[in-house]
Every structure is written in C-alpha cells, then in structure tokens.
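Colleague: Line order of the protein sequences matches chains A and B.
Using numbering that gives the first Met the number 0, the letters of the first sequence correspond one by one to residues 0 to 336.
Using numbering that gives the first Met the number 0, the letters of the second sequence correspond one by one to residues 0 to 336.
Incorrect hints may appear among the rest.
A pair counts as met if it fits within one copy or between any two copies, since identical chains are not told apart.
[Unchecked claim] Derived lysine-lysine pairs resembling BS3-like cross-links, with alpha carbons at most 25 Å apart:
{"#": "1", "residue 1": "K245", "residue 2": "K265"}
{"#": "2", "residue 1": "K241", "residue 2": "K265"}
{"#": "3", "residue 1": "K266", "residue 2": "K245"}
{"#": "4", "residue 1": "K289", "residue 2": "K336"}
{"#": "5", "residue 1": "K56", "residue 2": "K39"}
{"#": "6", "residue 1": "K241", "residue 2": "K266"}
{"#": "7", "residue 1": "K265", "residue 2": "K289"}
{"#": "8", "residue 1": "K173", "residue 2": "K241"}
{"#": "9", "residue 1": "K295", "residue 2": "K265"}
{"#": "10", "residue 1": "K324", "residue 2": "K245"}
Hints listed in this document are in silico derivations from the structure and should not be mistaken for laboratory results.
All of these numbers come straight from a predicted model, not from anything done at the bench.
Residues per chain are reported as follows:
There are 2 protein chains.
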Amino acid sequence: MNWYLQTGKESDVITSTRIRFARNLQGFKFNLKIKTDIEKLKNKIKENLYLIGYGLKYLELKDMDDITKMSLVEKNLISPEYALNKNETGAILINDEENICIMINDDDHLKIQVFSSGFELENTLNYSIELDQKIEEVLGYATNKKYGYLTSLPTNCGTGLKASVMVHLPALEKTRNIDKVFYTINNFGINILGEYGQDNKNNQNIYQISNKRTLGVTEQEIIENIRVVANNLIEQERNARKFLAKDTIDLEDTIYRSFGLLKNCKKISLDEVQSLISNVKLGTDLGILKELNDSKIQKLILFTKPASMQKFLGEQYEPLERDIKRAEIISQIMEEK
Amino acid sequence: MNWYLQTGKESDVITSTRIRFARNLQGFKFNLKIKTDIEKLKNKIKENLYLIGYGLKYLELKDMDDITKMSLVEKNLISPEYALNKNETGAILINDEENICIMINDDDHLKIQVFSSGFELENTLNYSIELDQKIEEVLGYATNKKYGYLTSLPTNCGTGLKASVMVHLPALEKTRNIDKVFYTINNFGINILGEYGQDNKNNQNIYQISNKRTLGVTEQEIIENIRVVANNLIEQERNARKFLAKDTIDLEDTIYRSFGLLKNCKKISLDEVQSLISNVKLGTDLGILKELNDSKIQKLILFTKPASMQKFLGEQYEPLERDIKRAEIISQIMEEK
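Based on the sequences and whatever the hints tell you, model everything.
Modeller: Printed below as a string of structure tokens:
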C-alpha cells in the first residue's frame with residue numbers, strides 16, 4: 000500500500016514525514032533555462048537510471064494528463080509550482096510505492112524526496128542518505144568545501160536538506176491556541192505552512208513544519224530541531240485534546256455530527272469535507288468514533304481532493320458534478336468492508 | 000395507538016384535524032370565577048359522567064404533575080393558557096385514546112374537542128356532533144334562538160365551532176412562498192398560527208389553520224371553508240415540493256444531511272430538532288428518505304418536546320441535560336424495529 004494511505008508512529012498528530020535533498024550535477028549550469036541544456040540533463044539521468052535502481056521510473060510531465068499531474072500535487076509528491084511551471088520540460092523519477100519522488104530541473108537539478116507515514120525522521124533520513132549517496136556515485140554532484148552542496152537558491156545550500164512533517168492540529172485550532180503555536184514555532188527557526196505550502200490556515204487543520212536553515216547546520220541537527228518542535232506540538236495537541244475531552248458531550252457531538260454529515264450528504268465542497276474529515280480523524284484518534292478507522296480516513300483525505308477523486312473513480316466529470324461525485328466517493332469509502 | 004402517533008389521509012401535508020365546540024350549561028353563569036360555583040359545575044359533570052359514556056375520565060389539573068400537564072399541551076390536547084391559568088380549578092374529560100379531550104371551565108364551561116390523524120373534517124365533525132348531542136342530553140346547554148349556542152366570548156357564539164387542521168408546509172417555506180400564503184389565507188376568513196397558537200412561524204413548519212367566524216354560518220359551511228383552504232394549501236405545498244424536487248440533489252442533500260444529524264447528534268435543541276424533523280418528514284413524504292417511516296416521524300415530533308420527552312423516558316432530568324436526553328431519545332426511536 001502507498002505510504003499516504005498508511006498510518007505510522009504518532010499518527011494521531013504526525014501524519015507523515017518527508018526528507019528532501021536539493022542537489023545539482025557536476026558539469027551543468029544551475030537553473031537550466033535553455034531547452035537543449037535541459038534535454039542533456041534529462042538524458043544523462045535517463046541513461047544512468049538503471050545504475051541507480053530503487054525501482055525508479057522516469058516520467059515526463061508533458062506525457063501526463065492534467066489529472067495525473069494534479070493528483071501528484073495532491074499527494075504532496077510534487078509542488079504545485081513545479082506542476083505549473085515545468086509543464087513542458089519537467090520530469091520525475093518515481094517508484095511504484097511512491098515513497099520516492101525526485102523532481103528533475105526544479106530550481107535545482109534534482110529535488111530528491113523520500114516520504115514515510117507517521118513520525119519517522121531518523122529512518123527516512125537514513126534511507127534518503129543511502130539513496131542520495133547512490134545517486135551521487137552515479138551522477139556526481141556539484142559541491143564546494145565551504146558551502147557543501149551547491150544549490151540554485153542560497154537558502155538550500157549546505158546540507159540541501161529540508162526535513163518536514165505534516166501535523167494534524169484540530170484541538171489546538173478548536174481551543175484557539177493555533178496562532179500562539181504558529182508564532183512560537185516561527186521564532187524557533189521552523190516554517191509552518193498549510194498543506195501544499197500555499198496558505199497558513201486550512202480547513203483540514205493539517206500543517207507542514209520544516210526547517211528554515213540548511214547551511215551551517217548538520218543533517219542531524221536539522222532533524223533534531225524538527226523532532227523537538229514536532230514532539231512539542233504532539234504534546235500540546237494531545238493536551239488540547241484532553242482539555243476538549245473534558246466536555247465529552249460537546250466533543251462527541253461535534254465528531255458524530257461530522258460523521259453523520261459525511262455519511263449522508265449528497266454533495267459537498269472541498270472546504271467542508273476537509274473540515275469534517277479533520278473532526279472524524281480527531282474522533283478515531285481519541286477512540287471516540289468507532290465507525291471509521293485510520294485507513295478509511297487516509298483514503299477520505301486523499302480521494303476527496305479534485306484530481307485524486309477522478310483517479311479513484313477512473314473517469315472524468317464536469318466541474319458542476321464535482322461536489323456530487325465527492326459525496327459518492329465518501330459514501331463508497333465509508334461502506335467498504 | 001393514540002391518534003397523534005398515527006398518520007391519516009393526505010398526511011404528507013395535513014397532519015391532523017380537530018373539531019372543537021364551545022358550550023355552556025344551563026343554570027350556571029358564564030365564565031365562572033367563584034370557587035364554589037366552579038365546584039358546583041364540576042360536580043354536576045362528574046356526577047353525570049356515567050351517562051355520557053365515551054370512555055371519558057374526569058381529571059383535575061391540580062392532581063397532575065407539571066410534566067403531565069405540559070405533555071397535554073404538547074399533544075395539543077389542552078391550550079397552554081388553560082394549563083397555566085386553570086392550574087388550581089381546571090379539570091378535563093379525556094378518554095384512553097386521547098382523541099376526545101374536554102376542557103372544563105375554560106372561557107366556556109366546556110370546550111369539547113375531538114381529534115383525528117390526517118385530513119378528516121367530515122368524520123371528525125360527525126363524531127363530534129354525536130358526542131355533543133349526547134352531552135347536551137345529559138347536561139343541557141344554554142342556547143338562544145338568535146345567537147344559537149351562547150358562549151362567554153362573542154367570537155365563539157352561534158355554532159360555537161372551531162374546525163382546524165394542522166398543515167406541514169416545508170416546501171412553501173423553502174421556496175419562500177409562506178408569507179404570501181399567510182396573507183391570502185388571512186383574507187379568506189381563516190386563521191393561520193404556529194403550533195400551540197403561539198407564534199406565526201416555527202422551525203417545524205407546522206401551522207394550524209382554523210375558521211374565524213362561528214356566528215351566522217352553519218357547521219357545514221365552516222368545515223367546507225376549511226376544506227377549500229386546506230385543499231388549496233395541499234395543492235400549493237405539493238407543487239412547491241415538485242418544484243424543489245427538480246433540483247433533486249439539493250433536496251436529497253438537505254434531507255439526508257438532516258437525517259444524518261438527527262441520527263448522530265449527541266445533543267440537540269428543540270429549535271434545531273424541529274427544523275431537522277420537518278426536513279426528514281418531507282423526505283419520507285416524497286419517498287426520498289427510506290430510512291424512516293411515518294410512525295417514527297410522528298414519534299420524533301412528539302417525544303422531542305420537553306414534557307413528552309420525560310414521559311417517554313419515564314424519568315425527570317436536569318434542564319442542562321435536556322439537549323443530551325433529546326439526542327438519546329431520537330437515536331432510540333430511530334433504531335426501533
């Protein structure tokens with residue numbers, strides 16, 4: 000099963016972990032703009048792919064339909080900017096499990112990404128380092144004694160490492176502590192963003208936290224910093240849940256009403272569904288809601304997103320039908336044995 | 000089964016029919032205020048009750064607890080004013096089926112009421128007349144050649160007859176035609192009031208329509224007038240439902256969301272429950288909602304009202320618990336086989 004449909008350690012709060020290395024190859028300019036240069040880069044990667052292994056396949060963005068591309072964005076496998084700006088020249092390396100996805104010729108030649116369910120900083124980092132070393136062996140990176148791995152943007156220099164975890168913070172939101180948390184985390188050298196990195200707040204109460212600095216710190220220091228902040232968030236969120244659980248009936252009422260609406264609606268917007276899913280996820284995580292389980296909730300999170308919906312249904316539909324189809328998918332997922 | 004838990008003719012729109020006669024006995028002043036006079040009146044009725052028959056039992060309001068009294072109001076068997084003002088001296092004659100309820104010493108000596116489920120003007124009137132004649136034989140009424148039956152209030156004079164039907168008009172409400180309907184009906188010599196006669200609008204979209212005039216018209220003319228207006232309302236409401244049903248998904252969504260909330264809420268106010276019940280009743284009447292039936296809906300309507308809830312549970316509860324208990328009752332009624 001794909002990592003994004005699984006649950007892992009501490010997944011009541013941390014839904015997933017990602018390690019991303021920004022890397023550039025020797026012998027190529029940074030931030031390639033000229034088509035022949037880009038083709039040369041991609042050819043080098045394609046020709047040597049068999050030496051890298053890891054079950055990676057080479058896919059050009061221009062060979063994908065929009066729905067496939069959008070569903071990669073919805074799964075956080077590629078950034079929305081990459082999907083949009085590299086429509087013609089972009090290409091990715093991806094394996095069947097989709098826990099490795101490498102964007103080629105984003106602002107760097109390679110954005111190597113490794114994903115895990117739940118809270119898995121150490122294992123994901125180790126696996127990423129292994130993969131990174133293999134790619135370096137095969138393709139050769141641009142490095143510098145002073146700055147470490149050289150990157151197109153100075154913010155990615157040094158380790159080139161961005162470590163991030165997705166956190167589900169419904170109780171901090173409901174108890175109106177989320178702004179305080181945002182403020183504290185920002186002062187801690189950590190970014191906190193809505194999913195896809197687009198906005199700070201979202202209906203599903205899922206946020207991405209990641210390191211700001213990549214230079215002058217070691218990889219271990221980066222993940223240690225993220226770990227400390229994440230553990231602090233886990234503690235704060237769990238305390239907020241305990242606080243909410245004191246007024247059991249209010250909490251149960253919110254959770255079960257959300258469940259009832261999800262189960263019975265005949266049309267539903269993305270905004271509403273994400274807010275309801277956030278509530279039922281809180282309900283299963285607290286052991287209040289028995290009618291759903293983690294795996295169904297992971298499916299609900301993914302397959303209610305516009306492009307993934309069409310992947311799930313195996314058919315396209317008119318924009319007007321979207322909210323109706325979404326309700327159908329929800330009911331289908333909920334009724335699965 | 001009690002009439003108010005049953006459904007009858009045209010019960011998609013007309014939930015029940017009531018015929019009420021205002022009558023006064025010979026040999027007693029109108030509108031008795033002095034306790035000994037009232038006792039005399041009640042004694043005469045009590046002593047002759049065996050001659051009237053109809054399974055009627057004599058009950059004093061002061062022997063009832065507040066919950067019993069309130070539940071009579073909730074079932075529309077006695078008026079809220081009567082329950083409040085005749086707390087000490089009031090008494091009723093009522094049968095086991097509760098389709099006959101006679102208030103003693105309201106503004107008239109007797110308010111004879113007969114109830115039916117659904118749209119049953121003719122049968123209910125005939126049965127009322129039979130009962131009325133029997134009571135007249137036994138107790139003797141105050142009458143006058145010019146004014147017919149004499150009543151304490153001139154508005155009840157003549158026939159002393161108030162015929163009323165309860166109508167469920169959710170589609171006229173949703174299509175925002177209800178104010179127009181109110182306006183037209185008022186000009187037709189017909190009163191339209193919320194349930195209990197308290198206010199014009201209510202969350203459950205159930206209204207009482209009744210004749211304004213009692214003098215200078217025959218009983219047949221009164222019920223004919225109500226029948227015409229009721230039939231017109233049935234037609235307008237059904238047309239509005241057809242109109243709503245054109246946008247099937249919107250209507251289904253509203254109905255099933257209401258069902259989902261009723262089924263899953265853990266606490267709920269009277270206002271909200273009545274609005275949700277109105278929607279699910281519309282759903283079963285239109286054949287859209289299969290998960291409920293008329294009988295369960297009649298139970299939901301009655302047993303979510305404060306006093307009837309306590310009757311249903313067979314126990315009292317703290318006011319703070321009311322919304323929680325209400326949710327429990329709903330789930331219990333819904334799950335009944």
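Colleague: Against this structure, judge whether each hint is valid.
Modeller: How the hints compare with the structure:
1. K245 <-> K265: Between copies only: 15 Å across, 33 Å inside.
2. K241 <-> K265: Between copies, since 19 Å is at most 25 Å while 33 Å is not.
3. K266 <-> K245: Answer is between; shortest inter-copy Cα gap is 16 Å, intra-copy 33 Å.
4. K289 <-> K336: The answer is both: 14 Å in one copy and 23 Å across copies each meet 25 Å.
5. K56 <-> K39: within (18 Å within a copy, 100 Å between copies)
6. K241 <-> K266: Classified as between; 20 Å across copies, 33 Å inside a copy.
7. K265 <-> K289: Close inside one copy (23 Å) and across copies (15 Å); limit 25 Å.
8. K173 <-> K241: within (12 Å within a copy, 41 Å between copies)
9. K295 <-> K265: Answer is both: 19 Å inside a copy and 23 Å across each meet the 25 Å cutoff.
10. K324 <-> K245: Cα proximity of K324 and K245: across copies only (19 Å, versus 37 Å in one copy).
Hint check: no violations occur; every hint is consistent with the structure.
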